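Number of protein chains: 2
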Amino acid sequence: MFEEADPDLLPEGLSDRLPPLAAEALRVTRAMNDVLAGHGFDPVQPPMVEFERSLASRMAGTKRNRMVRFVDPASLRTLALRSDMTVQVGRIAATSLKDAARPLRLSYAGQVLFLKGNGLEPERERLQVGAEIIGNDTVAAASESVSLAIEALKAAGARDISVDFTLPDLVDTLAASSLPLPEAAVPAVRRELDAKDAGSLVAAGGEAYLPLLYATGPFATAIEKLAALDAGDAVASRIEGLKEIAAHIDGAARLTLDPTERHGFEYQSWFGFTIYASGVRGALGRGGTYRITSEGGHDEVATGFSLYPDPLIARGAGSAKIERLFLPLGHDRDAALRLRTIGWQTVAALDASDDARALGCTHVLDGKEPRAL
Amino acid sequence: MFEEADPDLLPEGLSDRLPPLAAEALRVTRAMNDVLAGHGFDPVQPPMVEFERSLASRMAGTKRNRMVRFVDPASLRTLALRSDMTVQVGRIAATSLKDAARPLRLSYAGQVLFLKGNGLEPERERLQVGAEIIGNDTVAAASESVSLAIEALKAAGARDISVDFTLPDLVDTLAASSLPLPEAAVPAVRRELDAKDAGSLVAAGGEAYLPLLYATGPFATAIEKLAALDAGDAVASRIEGLKEIAAHIDGAARLTLDPTERHGFEYQSWFGFTIYASGVRGALGRGGTYRITSEGGHDEVATGFSLYPDPLIARGAGSAKIERLFLPLGHDRDAALRLRTIGWQTVAALDASDDARALGCTHVLDGKEPRAL
Chain C
3 MFEEADPDLL PEGLSDRLPP LAAEALRVTR AMNDVLAGHG FDPVQPPMVE
53 FERSLASRMA GTKRNRMVRF VDPASLRTLA LRSDMTVQVG RIAATSLKDA
103 ARPLRLSYAG QVLFLKGNGL EPERERLQVG AEIIGNDTVA AASESVSLAI
153 EALKAAGARD ISVDFTLPDL VDTLAASSLP LPEAAVPAVR RELDAKDAGS
203 LVAAGGEAYL PLLYATGPFA TAIEKLAALD AGDAVASRIE GLKEIAAHID
253 GAARLTLDPT ERHGFEYQSW FGFTIYASGV RGALGRGGTY RITSEGGHDE
303 VATGFSLYPD PLIARGAGSA KIERLFLPLG HDRDAALRLR TIGWQTVAAL
353 DASDDARALG CTHVLDGKEP RAL
Chain D
3 MFEEADPDLL PEGLSDRLPP LAAEALRVTR AMNDVLAGHG FDPVQPPMVE
53 FERSLASRMA GTKRNRMVRF VDPASLRTLA LRSDMTVQVG RIAATSLKDA
103 ARPLRLSYAG QVLFLKGNGL EPERERLQVG AEIIGNDTVA AASESVSLAI
153 EALKAAGARD ISVDFTLPDL VDTLAASSLP LPEAAVPAVR RELDAKDAGS
203 LVAAGGEAYL PLLYATGPFA TAIEKLAALD AGDAVASRIE GLKEIAAHID
253 GAARLTLDPT ERHGFEYQSW FGFTIYASGV RGALGRGGTY RITSEGGHDE
303 VATGFSLYPD PLIARGAGSA KIERLFLPLG HDRDAALRLR TIGWQTVAAL
353 DASDDARALG CTHVLDGKEP RAL
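Just so you know, the sequences run in chain order C and D. Residue numbering for the first sequence follows this note's numbering, starting at 3 and increasing by one per position. Residue numbering for the second sequence follows this note's numbering, starting at 3 and increasing by one per position.
It should be emphasised that the hints constitute simulated quantities derived from the structure, not laboratory data. On a predicted model such as this, the values are computed, not experimentally measured, just so you know. Do not take every clue at face value.
One copy or two, it doesn't matter: identical chains are merged, so the pair holds either way.
[What the hints assert, rightly or not] Below 27 Å or equal to it, Euclidean Cα-Cα: the simulated DSSO-like pairs (lysine-lysine) are:
no.: 1; residue 1: K323; residue 2: K100
no.: 2; residue 1: K156; residue 2: K370
no.: 3; residue 1: K118; residue 2: K227
no.: 4; residue 1: K245; residue 2: K227
no.: 5; residue 1: K118; residue 2: K65
no.: 6; residue 1: K198; residue 2: K245
no.: 7; residue 1: K198; residue 2: K227
no.: 8; residue 1: K118; residue 2: K100
no.: 9; residue 1: K323; residue 2: K198
no.: 10; residue 1: K323; residue 2: K65
no.: 11; residue 1: K227; residue 2: K323
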C-alpha cells in the first residue's frame, strides 16, 4: 500500500524549508519585521486556528472552502486554520484593541495555510507579512502603506520594484454619479472592464466607460487619460489622491495604473495596489484601503498590505557567504565564546573523526584565533 | 445562538499575542535563534501540516489523539497539524538530509498545535524552539546539548536555571544485566519507581532497586548514591557520562538527578534532561539522546532538546523601554530616515489631530532632531 511504502514524503503543495532556504526565510522575516517596527508598527501574533466564523466573516475575499476546517472537541464549533492574517488583525482591532488610540499600527508575520492549492499557486502554505493602519484610510495612510511595502520588500532583497495602482470601487462610484448605469447593468460592465473587452463592454451598455480601458499603463500618462474622463468630483478627488501617493513614493518604485483591476481587491474600498519585483513571477503582495466591520457593530476604516515573500526567499537562499569555525576536541572554550560574541558561527568537534570541511567550516580554531582552512 | 452572539472570541486554549507580548516573542525567538546559529546549527522550517503517519510514527511520545487531523482533498490521506517539530526534523534527517555530513546540527522554531489542552497545560498552541545533533548520542553531544539549552534560555531571559538529569533506559539496562528481573516484573517495577513508592516497589519484586529511590536530589550527592549501587559496567559508564556532562556545564545551572524519571522521556535512550528557571512554573523544556528510525530502514542516533519559551515571553513582555519618535505633518523625511537608521522607531502623523503621546511616542521630531515630550 502507498501509505506503507512512502511514509516520508510530504503532501502535495507542502514543503520543508531546508538549509539554506530556512536561514534566508529567517533573514527576510527579520529584515521585514525591522522595517515595520522602525515605522512604529506593533507586532501581533494571532493563533494558527480560530472559529471559522471569525476567519470567514469579516472580509468578502476569504473563501471558506479554501480553509482547513475541523470541529473543536471543546466547544463543538467549527474551527479553521488561518489562510489570511489580515482578517485576524481586523478581529483584534475590533475587540481587544478597540479602545487603543487611532491610528493603530499593527504588523504581523506568519505562515498561512490552504486546504488546497490552485492552478497558479500550488503551494498550500506560505509566509504572509503585513502591516495595517487602523482608523485611517486617507491619502496619507495610503502613501505610508505603499512606501512601507516597498521598503519592506527592498529589505527582503527585492530589486526593481513596480507598483500597480487601482481604484477598486471606481465603477460603483461612477455608476452612482456621473456615468449612471442601471443597477442591473453594473455587474456586466464590471465584468467586461475586467476582461478588457471593448466590444462586449459597449454591448453591456457601458460605452461611457470605454475610456477606462485605455487609462492603463505607466502611471504618469494613464492618470492623465483617467483625468480626461471628466467624471465628476468623486473621481477627481481619487485622481488627486493617486497623484499624491505617487509623489510620496518619489521614484522608489516604477508605477503603473489599472483603474478597474479588481482581482484580489474584493474587500478594498477607494484605493488598491499590487506590488511586483524583477525576476519574480507574479505579485509579491497587495494592499489598499478597506473597512473593518464586526457583527458586534464595530465599523472603521483601515489601510494596509500583505506581502508573500516566499519567491524572494527562494531567490536569495544561499547567497550569503557563511564563515564557520571548527572547534577541535579540547579547544579553548573561552576563545570560542569570544569569537561567537563577535559573530563567528562555531562547530564543536564531538569525535576525533568529525570532518571540519564536510561540516561546512571555513576556518579552524588554532589556539585562540581562527585559521583559514 | 452562541455563534451569532459571540463571533469575536477565540476558542478555549488559543490566544493572541498582543503588544507588547508579540514584540517580546519576536525578541526571544530571535535571541534563541542567534544562540543556535552561533553554535553552527542550521535552521529548518518544516510545514505546519504533514501526513499524520509521518508525524505519529517515528517517536512513541507523539499521541495521535492530541493532533488536529483532517482528510487531504488532494491525496485523500489523513493529514495532521504538527504538535512536535522534533518529529519533523527526524523525518528531514532521514530523508532529504540523509546524505549530509554527520553530526548534522539542525535547529527549528515554530508554533505547534494540539487538538485539546490538558489539565496542566490548557493552551492548545505554543512556541517550540529546539536543536538536534543528528548522528551522535555520546557524552560530548549530550554536553553540548545541555549547555546550548541553558545558553538559549538565558538569551531568552531565563534566570537561575536548573537542569534535572535522568537515565531513561536505566531500569531496562539493570533488569537485563546486574539486577535481573523477570520480564513480566519490569513494568511494575518501573511504575513503582515512577510513583516513588518503596513498599509497592518491594512488593513488585524490585527490592534491589530501592537505592534508586534515594539517588535523587542535588547532583553531586545523588550521583554518589547511584554509584554506590554497584550495578555493573553499563551503569558505571552512564554515571561517568553524567559526571562529564555536569563538568562541562561548569556551574552555568543548578543540577539535580532523578535517575528513574521517565515522564516526557518516552523516546529517549540513555540520557535525558529537564530544564527549569526561577519564577516559571513547570518545565521550560527537555531533551536527551534518542534514535531516529524510519520504515524505509533509516536508523541513527541523535541528541537534542525542545524548549517552550512562552512562560518566559509572558514574564518579559513590556520590560523593554521603547523610545518612539513622533513625526509631525510636513516633517523632514530625510531626518526621519536617518534617525530610523540609527534605531529610532518613528510614528508619522497622518492627520493634524494625531496625538503623539496617545500613540506611545516619547519624542517628537523638531527640525532634524528628536525632542523629548
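Hints versus structure:
no.	hint	verdict
1	K323 <-> K100	between (46 Å within a copy, 24 Å between copies)
2	K156 <-> K370	between (39 Å within a copy, 25 Å between copies)
3	K118 <-> K227	neither (41 Å within a copy, 58 Å between copies)
4	K245 <-> K227	within (13 Å within a copy, 80 Å between copies)
5	K118 <-> K65	both (12 Å within a copy, 26 Å between copies)
6	K198 <-> K245	within (24 Å within a copy, 76 Å between copies)
7	K198 <-> K227	within (16 Å within a copy, 84 Å between copies)
8	K118 <-> K100	neither (34 Å within a copy, 29 Å between copies)
9	K323 <-> K198	neither (47 Å within a copy, 54 Å between copies)
10	K323 <-> K65	neither (42 Å within a copy, 41 Å between copies)
11	K227 <-> K323	neither (49 Å within a copy, 51 Å between copies)
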